[in-house]
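**Student:** Each protein sequence line maps, in turn, to chains A and B. Counted from 1, the first sequence has number 32 at position 32 by the working numbering; the numbering is strictly sequential. Counted from 1, the second sequence has number 30 at position 30 by the working numbering; the numbering is strictly sequential.
There may be inaccurate statements among the hints.
[Claimed, not checked] Capping the alpha-carbon separation at 20 Å, the derived lysine to aspartate or glutamate pairs in EDC-like fashion look like this:
#, chain 1, residue 1, chain 2, residue 2
1, A, Lys436, A, Glu529
2, A, Lys193, B, Glu57
3, A, Lys193, B, Glu62
4, A, Lys193, B, Asp2
5, A, Lys193, B, Glu58
6, A, Lys436, A, Asp336
7, A, Lys117, A, Glu65
8, A, Lys2, B, Glu48
9, A, Lys281, A, Asp336
10, A, Lys2, B, Asp2
11, A, Lys225, A, Glu271
12, A, Lys193, B, Glu49
13, A, Lys2, B, Glu49
Think of the hints as simulated: they come from the structure by calculation, not from any bench. Quick caveat: nothing in here was measured; it's all calculated off a predicted structure.
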Amino acid sequence: MKLIEALALLERANPADPAFPAALICGFTAQPLTTFLAAHLQSRLPGRRIEPREGRFGDLTGNLERYLREPCGSAAVVLEWADLDSRLGWRQHGGWGRARVADICSVVERQFETIGKLLAGAPGAGIVAVSLPSVPAAPVEPLPGWQYGELERRLDALAASFAAGLSSQPQIRLVNPLRLAALSPPQERLDVKTLNQGGFPYRLPHADVLASLLAQLLQPPAPLKGIVTDLDNTLWAGILGEVGVEGVAWDLDRHAAQHGAYQQMLQSLAESGVLVAAASKNDAALVERAFERPDLLLRAGSVFPVEAHWGPKSESVARILNTWNISADSVLFIDDSALELAEVRNAHPGMPCHQFVAEPNQVAALLSRLADLFGRPAGSEEDSLRLASLRAGAELHAATVGTESLDRVLATANGVLTIVALGDPPDPRALELVNKTNQFNLNGRRFNEAEWLRYLRSAGHLAWMASYTDRFGPLGKISVLAGRLAEDGELNLDTWVMSCRAFGRRIEQAILAALFERHGIERIRFRFEATERNGPLQELLSSVTGAQPAPECSLDAAGFDRRKLPWYMRIE
Amino acid sequence: MDSPRARLVACFRAVFPRLAPEDAPTSTADTVPAWDSAHHFMLMQVIEETFGIRIPEEVVGEIDSFAGFEDYLARLSEES
Chain A
1 MKLIEALALL ERANPADPAF PAALICGFTA QPLTTFLAAH LQSRLPGRRI EPREGRFGDL
61 TGNLERYLRE PCGSAAVVLE WADLDSRLGW RQHGGWGRAR VADICSVVER QFETIGKLLA
121 GAPGAGIVAV SLPSVPAAPV EPLPGWQYGE LERRLDALAA SFAAGLSSQP QIRLVNPLRL
181 AALSPPQERL DVKTLNQGGF PYRLPHADVL ASLLAQLLQP PAPLKGIVTD LDNTLWAGIL
241 GEVGVEGVAW DLDRHAAQHG AYQQMLQSLA ESGVLVAAAS KNDAALVERA FERPDLLLRA
301 GSVFPVEAHW GPKSESVARI LNTWNISADS VLFIDDSALE LAEVRNAHPG MPCHQFVAEP
361 NQVAALLSRL ADLFGRPAGS EEDSLRLASL RAGAELHAAT VGTESLDRVL ATANGVLTIV
421 ALGDPPDPRA LELVNKTNQF NLNGRRFNEA EWLRYLRSAG HLAWMASYTD RFGPLGKISV
481 LAGRLAEDGE LNLDTWVMSC RAFGRRIEQA ILAALFERHG IERIRFRFEA TERNGPLQEL
541 LSSVTGAQPA PECSLDAAGF DRRKLPWYMR IE
Chain B
1 MDSPRARLVA CFRAVFPRLA PEDAPTSTAD TVPAWDSAHH FMLMQVIEET FGIRIPEEVV
61 GEIDSFAGFE DYLARLSEES
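Using the sequences plus the hints, can you model the full thing?
**Tutor:** What follows is the structure, encoded as structure tokens:
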């Protein structure tokens, strides 16, 4: 992005949109880095108006202290060597030379300690993106450029130690120096002219790249949810029907290690909660036997469902999406055949598709792309439950298709719904659910971490999180409700989300019953807004209120009693 | 491609969004209330990026008007 484009993008923001404050904390002149950061955040947050904030020139730790005393929502801390000790910069002339190396390192170490303590002491400040020094220190030590000198080594060690010390702070996210180097070559970053002229150390392309990575840390793109993979010449080398179960390969000896790496990546993604399914034109019995091979790196239990038959791949994909209950745009389809890719793309226009090319470097690039598309800042306990609960959902569905009615199945499911009040600090799963749930979502409202904390800590506000388990397996934490309770017993429900994994068990009915019966609420006023995707929530409101859902629609205990559906679970 | 004047007007309007396009060519640091040292620095950066030039430090402080930038760009163009 050019600076002029960044300025224009910010100027186009609607003044009526809710503000999203974004602070840039550094010791140098923050502009135009602030403009780039705000513009990259603006492009990621349509419907919000980015409100950039800066600190004072030359006061890195003071700026950080002031921000952490009153965190505003989103902050990027950008470190440079000269802000840790001015002798490492170009503007001040405190003297260079080997004799100063030890003293400079000692000052830098103390500065890193101070900044680390400040960051560690503010876990409630929301996500903070941190960039380690990205432009080289001034040539304090007179050495030829091809020699890695003592000062550089010691500074790099101090930066690495600082970064490692932050690893236990989940709210701190560090810019990846390797990705930064790939996008902005180190020798093209420093601008001594603008540094001398205005205190700004970066060339504009570097400022743009750095700001874009900081914005991605602060507002990561929503990760995709599932992968549908082909098998022959993709998951493994060889065609199962031709070479047999023992003939397909993914090892170095048979020049197929790139397929092994692909399998390992899929297994690792599956363990982090990504859904993995297979769609293959193949003999189902052979595929089943291939998945029994003990040396397979992608374990059979991690792949669900497996569509192996001779029908069109687009139909396999449709069935997989139906089983997962997620939309095509959340799923990546991978196949080595351009024809199959075209057929699936044609039937599922929103679905990203990628051709698997077995050349090792192309597979390495694919794995890097998969990490970008599916990676999450941190894993959670819920991730490991996702696949199990989908399998359970499929079993439940299968049980209700036969002679048993849904009521009979649910009545014997031994369901247990647990509803707990959110504590302070709240379980991070609650905000994750609020921000990623689309279908059962009262109004589509999203929060950043600081906004969420401010909301929950406001007077009169209540929030609950619900978990569910039954004989088909645990679903984990699947629903969040938040609102304000008035003195007359009316609950203004601002937020209600429920994972699509929990559909079809009448958990939403049980939650409403719990609000009325256990929490003494007399009436619920829903801060409802229709969104493109919240049809399931609209259906519930229609059924329990007996009317088309509208903003501020309400439901009282008597009305709910008249229209509720039976639910079969113990509420704890 | 737009004329140098049109591109310079775009630079000024990017940094001073409230400046009307017809007022840009006559604008100076005295007539634009928002024109302080920080905005001057941003303006330099935007002009350098847009025209693919580097304005020397000794020139940076001397120019304080649209006309001054226009003259400077014209001189650069003649020299090249």
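**Student:** So, for every hint listed, does it hold in this structure?
**Tutor:** Here is how each hint holds up against the structure:
Between lysine 436 of chain A and glutamate 529 of chain A, the direct Cα distance comes to roughly 16 Å. Compliance with the 20 Å bound is thereby established for this hinted pair. Distance hint between lysine 193 of chain A and glutamate 57 of chain B is fulfilled; the C-alpha atoms sit about 7 Å from each other, no more than 20 Å. For the hint linking lysine 193 of chain A to glutamate 62 of chain B, the alpha-carbon distance of about 16 Å falls within 20 Å, and the restraint holds. Restraint check for lysine 193 of chain A and aspartate 2 of chain B: not satisfied, since their Cα atoms lie roughly 28 Å apart, outside the 20 Å limit.
Pair hint lysine 193 of chain A plus glutamate 58 of chain B holds up; C-alpha atoms about 11 Å apart against a cutoff of 20 Å. For the suggested pair lysine 436 of chain A and aspartate 336 of chain A, the alpha carbons sit about 31 Å apart, so the restraint of at most 20 Å is broken. In summary, the hint linking lysine 117 of chain A to glutamate 65 of chain A is supported, as the alpha carbons are separated by about 11 Å, within the 20 Å threshold. Of the pairs offered as hints, the one joining lysine 2 of chain A and glutamate 48 of chain B holds, with about 11 Å between alpha carbons and a cut-off of 20 Å not exceeded.
Our distance criterion of 20 Å between C-alpha atoms is met by lysine 281 of chain A and aspartate 336 of chain A, whose separation comes to about 12 Å. For the hint linking lysine 2 of chain A to aspartate 2 of chain B, the alpha-carbon distance of about 17 Å falls within 20 Å, and the restraint holds. A threshold of 20 Å between alpha carbons decides the hint, and for lysine 225 of chain A with glutamate 271 of chain A the separation of about 13 Å falls inside it, so the pair holds. For the given pair, lysine 193 of chain A sits about 14 Å from glutamate 49 of chain B by alpha-carbon distance, which is consistent with the 20 Å threshold.
Proximity of lysine 2 of chain A to glutamate 49 of chain B is assessed by CA-CA distance (about 8 Å); at most 20 Å being required, the pair is judged to hold.
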